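Visitor: Protein sequences appear in the order of chains W and C. Anchor point for the first sequence: position 998 equals 2370 in our numbering, and the numbering is continuous, going up by one each time. Anchor point for the second sequence: position 324 equals 329 in our numbering, and the numbering is continuous, going up by one each time.
To be clear, the hints were calculated from the coordinates, so they are not data collected in a lab. This structure is a prediction, so every number in the text was calculated from the model and none was measured.
Covered stretches of chain W (chain C as the covering partner; in silico rule of three or more C-beta atoms under 8 Å from a C-beta of chain C):
no.: 1; region: 1929–1937
no.: 2; region: 1962–1971
no.: 3; region: 2080–2092
no.: 4; region: 2164–2172
Even glycine gets a Cβ: it sits at the ideal position worked out from N, Cα and C.
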Amino acid sequence: MQKNYPNFKVLFYVLAMTLTSLGVFAQNNITVKGTVISSSGEKLPGVSIALQNSSKGSTTDQDGKFSIEADGKGTLVFSFVGFQTQTVSINGRTQISVSLTETDRTLDEIVVVGYGQQTRKSLTSSISTITAKDLNRGAISDPTQLLQGKVAGLNITKSGDPNGRPSIILRGASTLREGDASQPLFVIDGVVGADLATVAPDDIMAMDVLKDAAATSIYGSRAANGVIIITTNRPKDGQTFASYKSYIASETVSNTIDMMSGDQLRSYLTKNGKSLGPADDTGANTNWQDVVAQRGFSQNHNVSFGGGNKSTNYNASINYFKQDGIIKSSSLDRLIGRLSIEQYALNDKLKMGLTLATTQSNSGIVPFQDVLLINRLRYLPTVSPFNTDGTYYENLARSNYYNPSGIIDNATVTSNSKTFLANFRATLKLPAGFSYDVSATVQNNQTNGTQFYNDYYTTNYNNIAFTTNYTVIGGRNGLAVRNTYENTNTLFENYITYNKAFGKHNVNVIAGYSWQQTLNGDGFQANNTNFPTNDTQANFLGLGNSQAVSGFVVDYGGNNYSKLRLISDYARLNYSYAGKYFIQGSVRRDGSSAFGANNRWGYFPSVSAAWGIDGENFMKNQNVFSELKMRLSYGQTGNSLGFNPLVSLLRYGNVGTFLVNGATLSAIGVVQNPNPDLRWEKTAMSNIGLDFGILKNKITGTLDLYSKTTTDLIWTYDVDPSVYLFRQLTANAGEMSNKGIELTLNYTPVKTQNFTWTTSINMAHNRNILVSLKGEGLQADSLLIAAPNGGGQTGSTVQVLLSGQPVGQFYTFQYAGRNEAGVSQFTSSKGGTTLVPLNKNDYFLAGNAQPKLLLGWNNTIAYKQFDLNFFFRAVLGHQIMNTVRADFNRPQEAGSYNVLVETGDEPIGDFNSFRYSDRYIESGSFLRLDNATLGYTVKTKKNYIKNLRFYLSGNNIFVLTKYKGIDPEVNMGGLTPGVDWTRFGNGFYPKTRTFMFGVNVGF
Amino acid sequence: MKKIKYILSSFAMLLLVSCHDLEVPVENALTSANFPIRTEHFIQASGPTYTNFRGSIALSYWFLQSLTSDESILPARGGNWYDGARYFQLHQHNWNPDNGQIGGTWNWITGTITTINQNLAVVETAPESPAKQQGLAELKAMRAIAYWVMLDLWGNVPLLTKFGITEKPTTTPRKDIFAFVEKEILEAIPNLSSDVSAATYGRPTKFVGYALLAKLYINAEVYIGQKRYDDVVKMCDNIISSKKYALESNFAKVFDIDNGPQIKETIFAVPFDNISGGQFLARYYLHRAMRAKFEIPFTPSGAISIQEEFLTNFNEPNDVRAKMLLQGKQFLSTGAPIIVKTTKRGFNQDYREADAATPIDYHLELVPKLEYRNLASFDLGNDEKAWAQGFRYAKFFPDKTSTTRNQGNDFPFFRYSDVMLMKAEAIMRGAAATAGDTPLALVNTLRKIRTASELQTLTLDELYAERGREFCNENWRRNDMIRFGKFEGKWGLKTDTDPNKRLFPIPRNILNINPQLTQNPGY
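Just chain C, same shape as in the assembly (with noise of 0.2 Å):
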């Protein structure tokens, strides 16, 4: 009896030793326990808003705007950058649901719009304040930029305006998008600072609003068939006569490593530093030759350039927009010419003479045409020539403060040029003058300071020339040339004349994830 007594304490104590607590306290992380709790960190939880949407705006974002239109091309070179036919199909107009790019910009965008939905849910948890108010109506404001890029690029989109709604969406009409966006941003105005300065430099002000409204008034026709090019001057007159911005004499300066608040033209810029990384251009359009001439850490892959039927934009060399190209022969800043040392052959690998092992010093000259060794693969070939194919366009000036390939150049998104150019392009297509304005003055006051010459008669054709010069490489060809009517034009190797081809496909794997969705027609 007495050892029975003694196991059955042993077991009681036995289940005495063990706990069963599982609570493990959190003691690495920033979770739903302890943030936000101060008033900075409903500023900081504002953050994600902004570092998202730069993500992808010089990437694929920027390979959607210009390689699908006769701005800029991405031709393979020797099997390099052919990558699954991603860049051949945005310029052939033959993309599929499953092309890389469209589904890196879907995702980035629709991220992006997930991210502000939850931004807002916390910042509306924050103490109530003006400072609250203004915080809203921008994170607002960046929901309807956000959804103006969706808008543009696949016009029928799942409409998102709440965070944590967990049953799959559906696709929302593109006019119903466009109210959204209107609406939205409409409402978001009255809050918004009409502060211009380092204060509000790179967030929405009201003029940025104003840009939106602008932009999207005067696509309206293209997005629902409505013409309201009065309202397009309305907006541009509400950013002209406050007086806040101006045209720049030194053009680069706009676009150089160091522009930020103190660029008077730029309306809204997506700011970027040569630490965070995602605005890295100069690695594509630089030839690999010219590491030195710009001083750059990297050796660039030199692999997007202009197309050759796009140059005629730049028919006058003193324009300082034509200056940015780099074209013909090339030198380093001391002047000396770029020389690369290869073989006759090493310069084309068609040449086939008994001489052709001779090494030969090539200044390295760009030249405008691409000349396809291969057609069906969309390739150049892989030889001194046809790395030497294309100008190549330095807007964004190459970094060489950077230690890595990150640039520092913010991105500019509205500029004051495109509100007068917008104006112009409205009264053109049957808005009411204002202020005196005509289309051909406020054109040449634009030509004037780019030292263009100043024109005598304004057409549209002229005016979409002029759009395409002061714009090229800031995302902005594909949608002029849609507004255009030239989308379906044919240009470098494109024939394709599908007008389904205006709005992309959504991605594959997004159907996959979400079959609610209805696919756009034509895919």
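Chain W extracted, bound-state conformation (with noise of 0.2 Å):
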């Protein structure tokens, strides 16, 4: 056993030891039988009856009968959905009947929270849940999104791109950095840091939000983003089920921009006196979008089954879902297979627990997407895809300029993953209340990348490149790459939980101790060129002789390993008294292995209290309040991801060539600037929570008050070259603050036997701040970010970091009308209007992205066997800088490239047209029908089918906004938020609407 892991015999030894102490636990089972009823003396069919502390359960029949095996000292536990659970001491009785009341005391609803689960009652923290029922329908890959809208202050936004990733925004942004460090962290059930690609959205049953700090320091450093609880499905305890859910769907573009057709462009030059050029005039109106674009098919399939008896559950799934996206070539399929199993033994002492859970997703990637994406948009309307001689029409004499059917149909760009998920975790009930839990997980991603281009793209592309650094593909005669990267995923964690109730008190403690890492980036790349075949694409590198090009040089990619330790200790402390008086304090010492020796360790504390102000005696006289509770919270987290693990060390690599001796040597230099004294990025929340139940719970709300400030902002930033060895610096410099209010209502106006009507709305307000930007090396209070480099553009940035201004702040030229001769003039800084304005000089600040109101607005109506549920999500109060709208109203170019149509009023000698400014900033604000779905509910033979729906659903049905792009949902995480870029990497692939058929049948 290699050292640095934890001992694994010591922890078998505790648990040898302490299952010897359990002999003392004897037993005395009976068999009782009974019948459940509803208050209003209905049989309840389906009820779940569970022997308390014990694995032991079972459910009612038709005739809400049941039996079950107990033991005569026991308490059963009767539960069922939308009625109150109660608890029946069984005293010897072999008969019980039971009349279950109903609610909708949102109180008493489960929650799950970091290592347990409480009722909501007992919360002293600011957690949403969403359960199944409200989670978002639509043809979705990826978990996050049946999130999108459902909670307030969480905001998510996704392109339409099939293998884009979602960026999640929780209380306004926690960070500078991108990726994994803006992230919430997930758990999948009980898995901390569990791969959202091992779930599939069919088999989750709940999610929950935890959203303040006194929620989620106990997860620590890697919890300032929040964390997202997922619980997927499992057997009710003697249950046995089976599903079947499957939908179809149909994607299409939502939206594309308004380019000239051939003849508007044609029409439009001629007014103007200009003329394309004979080889850019084949008398075609193509309409490049179009022909990019295909009608995404979806198809999604699930299976899961599950039951159990006494001693033993099981649960299982498997899923199978197909994508098309709605550029050509770009796919997603993924098969996506889960099983877990729970097993009591030592007397139902112990529960022991397995998850093996195994993704396989295969992408098809749009190669060269930014290129395509923006040649789909300038490529002149009025040639043919296609010469007369069926080969590519293309023009190279401009630079970056090709045909877009050209780039999708000569290259094949695919990357194939796999995930696997293996979680062992046991449960020992101790003696006084004690229980002891164990959890080891390892989780495995490997991933397979190819790249082709063949022999078309190398003779004429070969110069194609990323705008953003200018990698050009090289090669002759075909270029074959392929990669393969494995990141591995080592999780261990144990904790002891005490809980006691002693009279009024209420007493749960946790102890606990977590062990992770974290290895990313092990694997390789090469490539390899001049094939005699374009046949055998990526699938034989070795066909290729590059040896024959002279200056190919074999590409092994970059150094993309990295390992990352974090070692934890926690502890919690939950008191109650009353059921009306709860607090809660939690500390966590986390440590991290990417800082340097002397930061590593970090303690992230938070205290919480809660008063159930309902359940004081002044309240018993009221009957407006039905629930009400005030909360109260303060804590800290912290943020270690997004920076190399090795950032406290001077690292070397490979910076070139040069020659000695007439011989070429590797020169090795400096790559990164070392900082030991980078500390942990603290994020620290206060919050005060009021939930409450108005006119018998028919209104039930929340409404939260928080003040989020994360110091220490670990990003990196450019610093003087003559001080520092490298350009760039990793360090701590700023603070940020996150204020806002989050309010959610849920109301019943109508609730018949026959039609019910549900309606929910979450409304949220943020605002960022940057507080500071000083740090090491970095003394400004002001940087210019956000350079949308369109053509002549070089340099000009649109934003600014700026001291007491959010981010996401633009700060860009100032439009001051066009002068007499047509052309526009931006305000100078020394008064008056220019027709030449500086960049930095002659920028303005200009209004942020930063949203105002985030708002989501759910119904749900039932009537008989129809249901219908509608949601609307709304946006509002932010700007977007629309650079493709600038970068396309060009009409000194018009001849050469297409333009907006929008251009056709444009004075053609207005050469200052496209240059970014706060003409192009627009409102971001927009309502958005996000789903609207009817279901019917067949009526079945219980005996063999439990249930059987049908729906029909649809997604971004309209939305109404003034934003100008294609949609105003663009990324709006990182360092510049709400920029709808024309070029860069997160740039405008379009969105989509979807239309779907599904049925659900369960067995």
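Take the two lone chains, each set in its own frame, and fit them into one complex as the hints suggest.
Guide: In structure tokens:
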């Protein structure tokens, strides 16, 4: 066993020793029978009956009858959806009949918290729970999209790219870094940091969003962006189930950019005394946006089943999902298998569980997507994709101007990913209210990428480049690239829980330890060129002959290998008195190997309290509030992701070659400034919340106010090259604050036997401020960022990081109309206007990308066997820099590239029309009918088919907005939110509109 | 009691299960722990000096030395290449501290100096040997060259000679930078190699040191107001008398894609291959319809041309240096004309007749004059006429062996002809002649091998013109213009006469980071 791993041998002794203490509990079994009815006397089938503190359970049959073998001194727990749970002591009886009371009391629902669960009533923190029935519907591959718009304060945006990942921001950004560093922590069935790819949306029973620091700080260093806990379907005690869920969906491009048609362009040019070169006009009217688009079909099949007996229960599911992207050549198909088994032993004192999940996904990726997305707009509509002889039309005299069909057809880019997760867990009940939990998880992800650019590319497109880094493809007679990388995450957790009630006092204490090691990027890349055929694609790398191509150098890929270890100790105390007063305190001590030796350990404490006001005597005589609870919390979390774990060290790497004695040697130079002083980025949050129910819970709601401050922001910025060895430094610099208010209201206006209407609305307002920017090597109070790099505008930026302003603050030229000659002019910092504004000198602050209000409104209507759900979502009060519109509004280039229809109204002589300025800053507010679903449940014979439901559903049915781009929902994460990029990574992959038909069958 | 014992032992065990070791071994990186250790590490550790210096020598540094002079110009064409007026500013001499090319050049050269300081610190820890002394001398000579660049462009700059100093530097006056460069190179020369061969190609030799000193002294009047012309002659003679260099009869070969140690004229060159990148000048100077002519793997963007006024320097068509001009009607290597299919209006966007859409086959013809469609935006327009304006200078010949736009032509820094012309100039400016060389004889020796006619007399202006011809596009024009008092003249759209423009401003973001630095006057 390797020295650095926790000592599993010792763990074995712990288990062995504690097991020997269990012999003292003897039992005395009898069979208890009975009937369960509702308060109105109806027989209730399907009610769960569980013997407390055991795995034993049963359910009622069609007539509400049950039978269970139990200890005569035990207690039975009767639970059923929509009814209050009832506990009944057996006291040696063999006949027990129970009447369950219907409930709307939201406070009784079970909420999953870190390392345990609580009833909502006892929560002292801010947690939103969304159960399966309220999760979003649609052809969704990524589970986080199920939450979009459903949780106050959670802002999720995603493009239509089937392989794109959503950006998720909870209560405003807590970091300036992107990627993993800005993602919430996911906990799937208790596995901290589990990969979302291992769970199919269909298998999700509930998602709990932990919002305030009192809830998240038990997860310490990974919880700065909030925690989302996912619970998958599992059989209720003693039940068996099987279900099949399936849908087919059709996706189309929801919106296109209004570019000129061939005829529009010709007449615009003629009108303005210009014309196309003969090579640029084949008489065609090609809509390139249509040429590269396709109708994307999706299908999803999910079979799940589960069951169990007294000592074992299991559930399993298999899910197949296939989605074609709406841009040709993009696709995703995915197979997820999931198996979970729980076994009781040692007279029910020991529960062991094993979960295995495996995912295989195959992604088709658009080759040179950035270049394609630009060219499908700017390529002249006056030419056909193909010449009369069937070859691709090209005009290579313009740089980075390539036939969009050629870009797609002549290359194949794929990424195949396999994820495997194995989790073992055990809970051991110890005497005197103690229990011991252990969990060990290994998660392995392997990604194989292939790229093949055929000889058409290497002949005609060999200077094709991502504008960001000028990666040219090089080579001759085809270029093939293969890479394979593996990520392995090993996690070990154990904790002890103490739970005891003393009269009105309730105490729950946990103390635990966690060890996690993540190894990412373990693998390599290779490429080859000069293939005798295109037919073998990237499947036979060795067939190429790169030696014959002068100057070709095999690209083995970058140094992606990184190993990070996180070790934590944590403890939490919950105390409640009389079900009215609740306090919680927790502390987590986290160590991360990413920091220098002096700053590795951080402490993340939290305290919180809640007061169940409705339980007080003075509330007994009012009938407005049926529930009322106040919560107060404060806590801290940290973040150590999103930068190289070796950041504290001086790192060297190859920095090119140089000549020594006539031979070429690798120059080895510094590639990373050392920062041994890097500290934890810490986020502190305080929260005041109110949970209430009014008019016998006809209206329930939650109100939260929070203030969140992130200090010691870690990010990578440019430093003075005369002092630092490397031009960038990763360091702590600056402070950011978010303050906001969130309100959720649920209302049931109508509830009768045949007709029910429930509606819920959530609203959130957040104010983001960059408090300061100071840090090592960075004394500035402002930094220009977000350079869209449109043609002729290299070096212009449109945003600024400025103390006192939010992230996403626009800072650009101020449009001042046109002069008499019809040329756009801009406000000059020296007063008056100018035709030639200077970068920076003539920039002005101009709005920001932070929304003022996020809103979600959900409605569910049930009428007999029909159910209808519709869901509106709105984001209001923010601005977007529409660089797409600026970049294609170039009347002067109309003969060489296509222009917007809108450009038809621009004076042809306006050489300034496209300059980034506040002219292109538009309101991003929108209201979207995100989803409408109509379902019909067929009455079935319960013996064979328990339930059968058909539904029709539409996504993104309409959007109301003044925004002129493709969609106002642009990427809102990272350093430069709210820029609708033409060129960079998160380009403008179009949004989709989806219609689907589905069926759910339960057996 | 028994229970409690078990519970306590469980807790104790729980603590034992926990391990708190955060020392993750470094498995994938060169760090201070494993580099530099071997002998070759110390050689490799000096490599970043050279790769860094290569970075912008043919990019932003080239822009600052050439586009600010009367030599080259990069106008906008239909908004393309406007880029926030960065090139327009260089042309008009109205740049500000936010100009991207000035910032880029500063970052390049200060980054190179920091790298050299770090490389020096590493090599100093190597075991003692003659090779170590030579290595240290080479790095110090490179640092002197880098500081000469800063002396020339900014004059007053922070002087950093040690690595790892964290306090922010202040500005050192130009005269002290001058003294530093002089002292450093004089100290380095004894340990530099006097071998001129492939073994020392691309790295400083004794002769590189002499050439740098000659360049320093010939500009001493500009830099520090002192005449050091006798020292120029002395340094030039050190090189000439070594007989290790000679003028090449094939001028084009000096700059071709396979130039290297075999070129007898090259005293110091920055080596490029067509893989690493950093040199792709043909991208800038070739017309976009010339891809086939030069059989290159990319479509050039054809934006930089020679300024019309400068063409008067190429007054003899038989001069090999004039033959590098791409001018007039253009033909493929097969002799077939380069035809651009366009229309009357596609050729001239202002054409207003009814037959504007009539297709024409336009035989590409480069014309010397730039005709601005829009003076305010430095814009020639976006038609075939505009793109064909301005003669191009194909000194660094396009690289058809490349699979990308990167070229393999090494970029000369000091050439033998520069030494000859510096000696001639120094004598004309008052130095005593040596070895029987007269300025006229030196210039005529050069002109003869360049197939230009012999001059009968020589004035300083004629020498200035000779330098213009000889070093066109080799990063010397701005330096020459300042020394010959021509930098405040008028050319193209430039009317500025502010002598403060002889020095560039310290970039604003650098002043933001280090407010202790002093901005140059006039900014």
